[in-house]
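K.L.:
This is what each chain is made of:
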Amino acid sequence: MSLSEEQVRNVARLARLGLDDDQIAEYAGELSNILEVVASLEQADTTDVEPMAHPLDLAARLRADAAVAVQSRDDFQAIAPAVAEGVYLVPKVIE
Amino acid sequence: MSDERSIRQLAGDLAAKRLSAVELTDHFLKRIAAHDERLNTLISRSESAARERAAAIDAGTDAGTPLAGVPIAHKDIFCTRGVRTSCGSRMLDNFVAPYDATVVERLAAAGTVTLGKTNMDEFAMGSSNETSFYGAVRNPWNTDHVPGGSSGGSAAAVAAGMVPAATGSDTGGSIRQPAAFCGVTGIKPTYGRVSRYGMIAFASSLDQGGCFARSAEDCAAVLQAMAGFDERDSTSVERAVPDYSAALAAQGDDFLKGMKVGLPKEYFAEGLDNASREVINAAIGEFEARGAEIVEITLPHTELAVSTYYVLAPAEASSNLARFDGVRYGYRCDNPVDLEDLYTRSRGEGFGREVQRRIMVGAYVLSAGYYDAYYLKAQKTRRLIARDFSDAFDKVDLIAAPVTQAPAFKLGEKLDDPVSMYLNDVYTLPASLAGLPGMSVPAGFVDGLPVGLQLLAPWFEESRLLGAAHAYQQSTDWHSKRPAGFE
Numbered sequence: 001m002s003l004s005e006e007q008v009r010n011v012a013r014l015a016r017l018g019l020d021d022d023q024i025a026e027y028a029g030e031l032s033n034i035l036e037v038v039a040s041l042e043q044a045d046t047t048d049v050e051p052m053a054h055p056l057d058l059a060a061r062l063r064a065d066a067a068v069a070v071q072s073r074d075d076f077q078a079i080a081p082a083v084a085e086g087v088y089l090v091p092k093v094i095e
Numbered sequence: 001m002s003d004e005r006s007i008r009q010l011a012g013d014l015a016a017k018r019l020s021a022v023e024l025t026d027h028f029l030k031r032i033a034a035h036d037e038r039l040n041t042l043i044s045r046s047e048s049a050a051r052e053r054a055a056a057i058d059a060g061t062d063a064g065t066p067l068a069g070v071p072i073a074h075k076d077i078f079c080t081r082g083v084r085t086s087c088g089s090r091m092l093d094n095f096v097a098p099y100d101a102t103v104v105e106r107l108a109a110a111g112t113v114t115l116g117k118t119n120m121d122e123f124a125m126g127s128s129n130e131t132s133f134y135g136a137v138r139n140p141w142n143t144d145h146v147p148g149g150s151s152g153g154s155a156a157a158v159a160a161g162m163v164p165a166a167t168g169s170d171t172g173g174s175i176r177q178p179a180a181f182c183g184v185t186g187i188k189p190t191y192g193r194v195s196r197y198g199m200i201a202f203a204s205s206l207d208q209g210g211c212f213a214r215s216a217e218d219c220a221a222v223l224q225a226m227a228g229f230d231e232r233d234s235t236s237v238e239r240a241v242p243d244y245s246a247a248l249a250a251q252g253d254d255f256l257k258g259m260k261v262g263l264p265k266e267y268f269a270e271g272l273d274n275a276s277r278e279v280i281n282a283a284i285g286e287f288e289a290r291g292a293e294i295v296e297i298t299l300p301h302t303e304l305a306v307s308t309y310y311v312l313a314p315a316e317a318s319s320n321l322a323r324f325d326g327v328r329y330g331y332r333c334d335n336p337v338d339l340e341d342l343y344t345r346s347r348g349e350g351f352g353r354e355v356q357r358r359i360m361v362g363a364y365v366l367s368a369g370y371y372d373a374y375y376l377k378a379q380k381t382r383r384l385i386a387r388d389f390s391d392a393f394d395k396v397d398l399i400a401a402p403v404t405q406a407p408a409f410k411l412g413e414k415l416d417d418p419v420s421m422y423l424n425d426v427y428t429l430p431a432s433l434a435g436l437p438g439m440s441v442p443a444g445f446v447d448g449l450p451v452g453l454q455l456l457a458p459w460f461e462e463s464r465l466l467g468a469a470h471a472y473q474q475s476t477d478w479h480s481k482r483p484a485g486f487e
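Which chain is which? The protein sequence lines are A and B, in order.
So that you can map any letter, position 13 of the first sequence is 13 in the working numbering, and since no number is skipped, the others follow by simple counting.
So that you can map any letter, position 41 of the second sequence is 41 in the working numbering, and since no number is skipped, the others follow by simple counting.
If you are wondering where the hints come from, they were derived from the structure by calculation, not from laboratory data.
There could be a bad hint or two in this list.
In silico DMTMM-like pairs for lysine to aspartate or glutamate, Cα to Cα no more than 25 Å straight-line [what the hints assert, rightly or not]: (1) 395(B) / 487(B); (2) 265(B) / 45(A); (3) 380(B) / 50(A); (4) 395(B) / 57(A); (5) 414(B) / 26(A); (6) 92(A) / 341(B); (7) 395(B) / 338(B); (8) 92(A) / 13(B); (9) 92(A) / 349(B); (10) 414(B) / 57(A); (11) 380(B) / 394(B); (12) 481(B) / 447(B); (13) 380(B) / 57(A); (14) 92(A) / 325(B); (15) 380(B) / 48(A); (16) 92(A) / 338(B); (17) 265(B) / 42(A); (18) 30(B) / 13(B); (19) 260(B) / 286(B); (20) 380(B) / 42(A); (21) 410(B) / 394(B).
Take the sequences, apply the hints, and build the full model.
P.N.:
What follows is the structure, given as structure tokens:
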């Protein structure tokens with residue numbers, strides 16, 4: 001299984017990773033090598049085997065629908081790159 | 001001089017006021033100041049906060065807690081309120097956590113004094129501690145060699161006697177492998193035993209917190225304070241935690257008598273270095289001498305573990321790491337022109353190579369058209385691997401095996417070859433995929449580098465693991481050896 005640079009560019013776009021052309025070329029080789037290793041999964045006979053999403057086969061526990069104390073917005077926004085009046089700032093989205 | 005006292009002895013001496021928390025904290029802070037420049041085990045140090053806390057303990061405000069005054073270091077994956085929590089990444093270089101992880105909170109409630117945050121592979125992705133934004137950690141036994149990863153800073157700090165215990169996390173071997181490479185005792189509990197709340201997520205169905213210390217007895221004391229149900233982690237298991245230290249004391253030296261110990265033949269096949277094999281065989285001989293019955297077992301799907309893990313872990317990582325977008329916290333690129341540019345450049349500049357590789361592998365295996373062939377298939381092979389273990393534990397009480405194929409490799413040796421780095425994890429990945437508890441116990445040396453014996457027990461049988469390791473450590477002294485230059 002080998003990945004073309006075009007495929008890597010597409011995956012990088014899906015993952016929102018800004019990469020330059022040199023990086024794309026390097027990753028194409030590395031990701032191809034990794035996929036070659038994982039290709040061995042194909043050979044495994046998994047007929048009638050249920051997929052395992054949780055190592056103990058437990059379902060996620062539900063908690064009671066009750067209000068709990070939350071930390072202040074100020075605490076969380078103190079570490080944000082850009083905030084004003086309680087909202088997070090990003091570049092303009094709508095012209 | 002490093003302090004040779006066990007954590008139980010230290011806690012006893014502190015409680016009886018034969019030793020003050022300030023003295024003990026200063027002792028370890030001095031060792032950090034003397035040695036850490038060479039080893040780079042700590043990303044952040046908290047000298048003044050540690051001294052203040054120790055003084056408060058001496059003043060009696062925290063008295064009566066089981067670990068009152070015992071110094072500890074936390075892997076920088078655990079959120080610590082008011083202290084930078086970097087996860088070894090440029091992405092979180094400026095992240096000061098707004099809350100404490102449950103593990104940090106519980107260990108503080110038990111009376112520990114935090115000396116600092118330990119170095120790690122970026123976002124816990126790596127087996128050598130070389131992917132850290134803060135530079136590689138060096139192995140105290142030979143500073144040309146890696147300490148293992150991803151919890152390499154924690155393992156090396158304990159090995160060099162800079163702290164008596166440290167926390168870690170294990171997704172595919174990140175506690176057991178560095179414990180083996182650094183000659184310390186490490187335990188990865190059953191998935192769900194220790195809360196993941198506030199432990200920065202890498203692969204949520206695999207991540208599990210644990211700890212490092214000199215001995216199994218010390219690990220028991222630390223794990224006791226960490227383990228147990230937590231409402232804030234939806235995968236935390238509601239199950240009583242046994243008294244680990246009491247279990248060790250009650251069963252003592254006879255612990256291994258009559259115990260059936262399985263040796264999985266797949267872990268002793270081609271690939272295991274001969275000198276390491278001799279060390280492991282000698283350790284197993286010691287188990288036999290103490291009354292254990294040794295039997296060969298088979299875990300037939302072992303060879304699928306690397307492929308299974310390197311589909312599932314990157315898939316989960318690509319999803320978990322989507323949250324780092326430069327908007328709410330962490331790194332943000334300069335002068336983004338639009339939102340897309342903000343996301344892509346922040347992530348392109350903020351994440352290192354190994355993390356980007358894994359995010360892309362994950363995005364690929366989850367993408368339309370490939371999901372069934374990779375992700376779903378790997379979830380099925382994961383079950384085959386887990387079944388191997390449940391079948392094995394029908395026949396044996398404990399599994400013993402090597403942790404790694406060879407002792408610590410040299411810095412830089414595998415860094416440019418991700419696949420060879422991945423293949424190196426072959427003995428630790430299966431138990432992680434199955435969610436089993438595992439340990440690495442110091443078992444000897446090859447060319448001056450430590451070798452670890454891996455012990456695996458059935459789900460939630462941490463007591464059995466700790467008991468077996470403790471019995472072994474009663475008649476061996478590998479765990480009390482100190483690296484030259486760090487005595």
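K.L.:
Each hint: holds or not?
P.N.:
Hints versus structure:
| no. | hint | verdict |
| --- | --- | --- |
| 1 | 395(B) / 487(B) | 43 Å, violated |
| 2 | 265(B) / 45(A) | 21 Å, holds |
| 3 | 380(B) / 50(A) | 6 Å, holds |
| 4 | 395(B) / 57(A) | 22 Å, holds |
| 5 | 414(B) / 26(A) | 16 Å, holds |
| 6 | 92(A) / 341(B) | 12 Å, holds |
| 7 | 395(B) / 338(B) | 61 Å, violated |
| 8 | 92(A) / 13(B) | 61 Å, violated |
| 9 | 92(A) / 349(B) | 21 Å, holds |
| 10 | 414(B) / 57(A) | 35 Å, violated |
| 11 | 380(B) / 394(B) | 22 Å, holds |
| 12 | 481(B) / 447(B) | 14 Å, holds |
| 13 | 380(B) / 57(A) | 13 Å, holds |
| 14 | 92(A) / 325(B) | 16 Å, holds |
| 15 | 380(B) / 48(A) | 9 Å, holds |
| 16 | 92(A) / 338(B) | 7 Å, holds |
| 17 | 265(B) / 42(A) | 24 Å, holds |
| 18 | 30(B) / 13(B) | 20 Å, holds |
| 19 | 260(B) / 286(B) | 14 Å, holds |
| 20 | 380(B) / 42(A) | 11 Å, holds |
| 21 | 410(B) / 394(B) | 40 Å, violated |
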